[in-house]
Amino acid sequence: MRPFREVWQSTIFTKWVMAITGLLIVGFLLGHLSGNMLMFLGKEHMNEYGVELRSLLHGAGIWVVRLGLVVIFVLHILSALKLSGRIRKARPQRYAKVTPQESTLAGRTMLLSGLLLLFYLLYHLAHFTWGIVHTDFYAHNVGYEYTLANGHVVPDVYKMVVNSFQQPLISVLYLLAMVFTGMHMNHAIGSALQTLGLTNHRLVPVLRKAGVGLSIIIAAGFSAVPISILIGIVK
Amino acid sequence: MNLRLHIWRQAGPSAEGSLKAYDVNNVSEHMSFLEMLDVLNEDLIGKGESPVAFDHDCREGICGSCGMVVNGVPHGPERKTTVCQLHMRKFKDGDEIYIEPWRASAFPVTRDLVVDRAAFDRIIQKGGFVSVNTGNAQDGNAIPIAKTDADRAMDAAACIGCGACVAACPNASAMLFVAAKIGHLAALPQGQAERDSRARDMVLQMDAEGFGSCTNHYECEAACPKGISVEFIARMNRDFVNASLKG
Numbered sequence: 001m002r003p004f005r006e007v008w009q010s011t012i013f014t015k016w017v018m019a020i021t022g023l024l025i026v027g028f029l030l031g032h033l034s035g036n037m038l039m040f041l042g043k044e045h046m047n048e049y050g051v052e053l054r055s056l057l058h059g060a061g062i063w064v065v066r067l068g069l070v071v072i073f074v075l076h077i078l079s080a081l082k083l084s085g086r087i088r089k090a091r092p093q094r095y096a097k098v099t100p101q102e103s104t105l106a107g108r109t110m111l112l113s114g115l116l117l118l119f120y121l122l123y124h125l126a127h128f129t130w131g132i133v134h135t136d137f138y139a140h141n142v143g144y145e146y147t148l149a150n151g152h153v154v155p156d157v158y159k160m161v162v163n164s165f166q167q168p169l170i171s172v173l174y175l176l177a178m179v180f181t182g183m184h185m186n187h188a189i190g191s192a193l194q195t196l197g198l199t200n201h202r203l204v205p206v207l208r209k210a211g212v213g214l215s216i217i218i219a220a221g222f223s224a225v226p227i228s229i230l231i232g233i234v235k
Numbered sequence: 001m002n003l004r005l006h007i008w009r010q011a012g013p014s015a016e017g018s019l020k021a022y023d024v025n026n027v028s029e030h031m032s033f034l035e036m037l038d039v040l041n042e043d044l045i046g047k048g049e050s051p052v053a054f055d056h057d058c059r060e061g062i063c064g065s066c067g068m069v070v071n072g073v074p075h076g077p078e079r080k081t082t083v084c085q086l087h088m089r090k091f092k093d094g095d096e097i098y099i100e101p102w103r104a105s106a107f108p109v110t111r112d113l114v115v116d117r118a119a120f121d122r123i124i125q126k127g128g129f130v131s132v133n134t135g136n137a138q139d140g141n142a143i144p145i146a147k148t149d150a151d152r153a154m155d156a157a158a159c160i161g162c163g164a165c166v167a168a169c170p171n172a173s174a175m176l177f178v179a180a181k182i183g184h185l186a187a188l189p190q191g192q193a194e195r196d197s198r199a200r201d202m203v204l205q206m207d208a209e210g211f212g213s214c215t216n217h218y219e220c221e222a223a224c225p226k227g228i229s230v231e232f233i234a235r236m237n238r239d240f241v242n243a244s245l246k247g
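Chains as they are written, first to last, in this note's numbering: chain A, 1 to 235; chain B, 1 to 247.
I should point out that these hints are in silico values taken from the structure, not numbers from a laboratory.
Predicted model, so just to flag it, every value in this text is computed and none were measured.
Do not rely on the hints blindly, as some may be mistaken.
[To be verified] Subject to a maximum C-alpha distance of 27 Å in a straight line, what follows is the list of computed DSS-like cross-link-like pairs (lysine-lysine):
#: 1; chain 1: A; residue 1: Lys89; chain 2: B; residue 2: Lys126
#: 2; chain 1: A; residue 1: Lys209; chain 2: B; residue 2: Lys80
#: 3; chain 1: A; residue 1: Lys97; chain 2: B; residue 2: Lys80
#: 4; chain 1: A; residue 1: Lys209; chain 2: B; residue 2: Lys226
#: 5; chain 1: B; residue 1: Lys126; chain 2: A; residue 2: Lys97
[What the hints assert, rightly or not] Beta-carbon label-pair distances, calculated as ranges:
#: 6; chain 1: A; residue 1: Trp63; chain 2: B; residue 2: Leu245; range: 27 to 37 Å
#: 7; chain 1: B; residue 1: Gly46; chain 2: A; residue 2: Leu81; range: 52 to 62 Å
#: 8; chain 1: B; residue 1: Glu16; chain 2: A; residue 2: Ile132; range: 46 to 56 Å
#: 9; chain 1: A; residue 1: Val74; chain 2: B; residue 2: Asp121; range: 33 to 43 Å
#: 10; chain 1: A; residue 1: Leu112; chain 2: B; residue 2: Lys20; range: 26 to 36 Å
#: 11; chain 1: B; residue 1: Glu16; chain 2: A; residue 2: Trp63; range: 52 to 62 Å
Where is the CB? At the ideal position from N, CA and C, for every residue including glycine.
Sequences and hints are given; from them, build the entire structure.
Shown next, in the form of C-alpha cells:
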C-alpha cells in the first residue's frame, strides 16, 4: 500500500478537491440567488428573509454555513494555486503561434477570473456583511429599520440594497463581477463533472450543456437585481 | 506553390533556439508535409547548411514517431491525421507556416524539432502492461470478452504515443496519453488483476515527470491523430480515486 501522502499530493486528487468544492459553491450560489430573488417580491419578504437567515437554529445556523463556506473556499483556492503553479512550470518555453481548436476563452482564463472573483468576494462581504465599504448605505450604521407585519422591528436590508445599487458605480462593479462569474461557471460545471469521472453517453452531453445554461442563469439572475434597481423597476 | 517557413532551430538540448525563416519553392500539392521538409533539407545540405532535424519513421500515420506543431496545431490543420499524412494540398501558394517542436518541460528539445519523449516510456514502465506467466500461447477464445468492452479497449489502444496531446494542451498535460493506456487495459479481463496499482503508479509517474495538470479544455482530443476520446480521462479520474481509496 502506498502512503496516502503520495495520493493526496497527486494532481487528480487535487482536481477532485477542486471539483467537489466548486460544485458546492455552485450549490451555495443557487441558494444565494433564490434569496436575492425575494427583492422582486418586495420589502416585507426580503427583510423577513434577512432576519430568518440570522436566526436559523437560534443563530447558530448561519455560523455553521459560514464556517463551511470558508473551508470550501479555502480548499478551492489552495487547490487552484497548487495546480496553476505546476502548470506554469510544465511549459517554460511558449509557442510562437497557438491556434486553439476546442478550448474557450472562459476555460483558458479560469485562474484570472477566479482571482478577480476572490477580490470581488472580499469587496462584496465588506459591503453587505462587514459594512466597512459604502458605509453610508449599511443598514446597521445608518439605522435603516423596518417594521414587519408581525410587529418586529428589523434592519431594513431591502433599503440597504436599493440605496446601494442606485449608485451607478456600485452597480457597474457588481455587474462586471457577474460577467466574470458567468465566465468562470461556464467552464467550471462541465469540467467538474469530467474530473469526477462521469462517462454516461446520454447524460454527459446534456449535463455539459446544462452547466453552460446554469452559468448563464446564475450570472443573469444576480445581475437582474442591480439592473432593475438602476432602471427603477425595483425601488 | 511557394511557401515561407518559420522553423524552430536549436543546435542541442542546452543551446538557445530561435525561429528561422526559409523559403521553399515549387512545392507539389501531392507532397506530404515531411516530404516538403525533405526538399528543404536537400536544399540546405546542398548549400552546406545543417538540415532541419525531425523525428519520423513509418510515414504512414501508425508509428507515432513524427510530430511537430504546424501553425499552432500539433500535426497541422487536418484532424485525425499525423503530420506525415498531412498533404501540401491543405496549404496554398504564399502561405507562411510556423513549425515548432512539442513544447513541455517533460519533453526537452534534443535538436530542432526533435524532442525526448522518454517520459512516456517511464510512465508505461510503471504499469502499461499485464503480467502473464510464460508458456504456450493461450487459446484466443478462452476468455470471452463482450463486444462493447473489446471495442472500448481497441479505441484506447489506438493511441500511438506521439505526444500531440501534451503539445496541444494549454497546460502541457499528459492525461489523454496516460488515460488511453490505463483505459485500454482496464477494459479487458486480462487487465483487472493489476488495475488498481496500474492506475495509481502510472498517474503518480505522470505527475513526477512534471507534466501539467488537466483543466478539461479538450484540446488533446482535437489534436489526437487517432481521435482518442477524453471520456478515457474521466474513466482514469474515477479509476485513480477508486484505487487510492482502496489503499
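Against the structure, the hints come out as follows:
no. : hint                               : verdict
1   : Lys89(A) <-> Lys126(B)             : holds (23 Å)
2   : Lys209(A) <-> Lys80(B)             : holds (25 Å)
3   : Lys97(A) <-> Lys80(B)              : holds (20 Å)
4   : Lys209(A) <-> Lys226(B)            : holds (26 Å)
5   : Lys126(B) <-> Lys97(A)             : violated (34 Å)
6   : Trp63(A) <-> Leu245(B): 27 to 37 Å : holds (31 Å)
7   : Gly46(B) <-> Leu81(A): 52 to 62 Å  : holds (54 Å)
8   : Glu16(B) <-> Ile132(A): 46 to 56 Å : holds (52 Å)
9   : Val74(A) <-> Asp121(B): 33 to 43 Å : holds (39 Å)
10  : Leu112(A) <-> Lys20(B): 26 to 36 Å : holds (34 Å)
11  : Glu16(B) <-> Trp63(A): 52 to 62 Å  : holds (58 Å)
When held up to the earlier numbered hints, the structure conflicts with hint 5 and nothing else.
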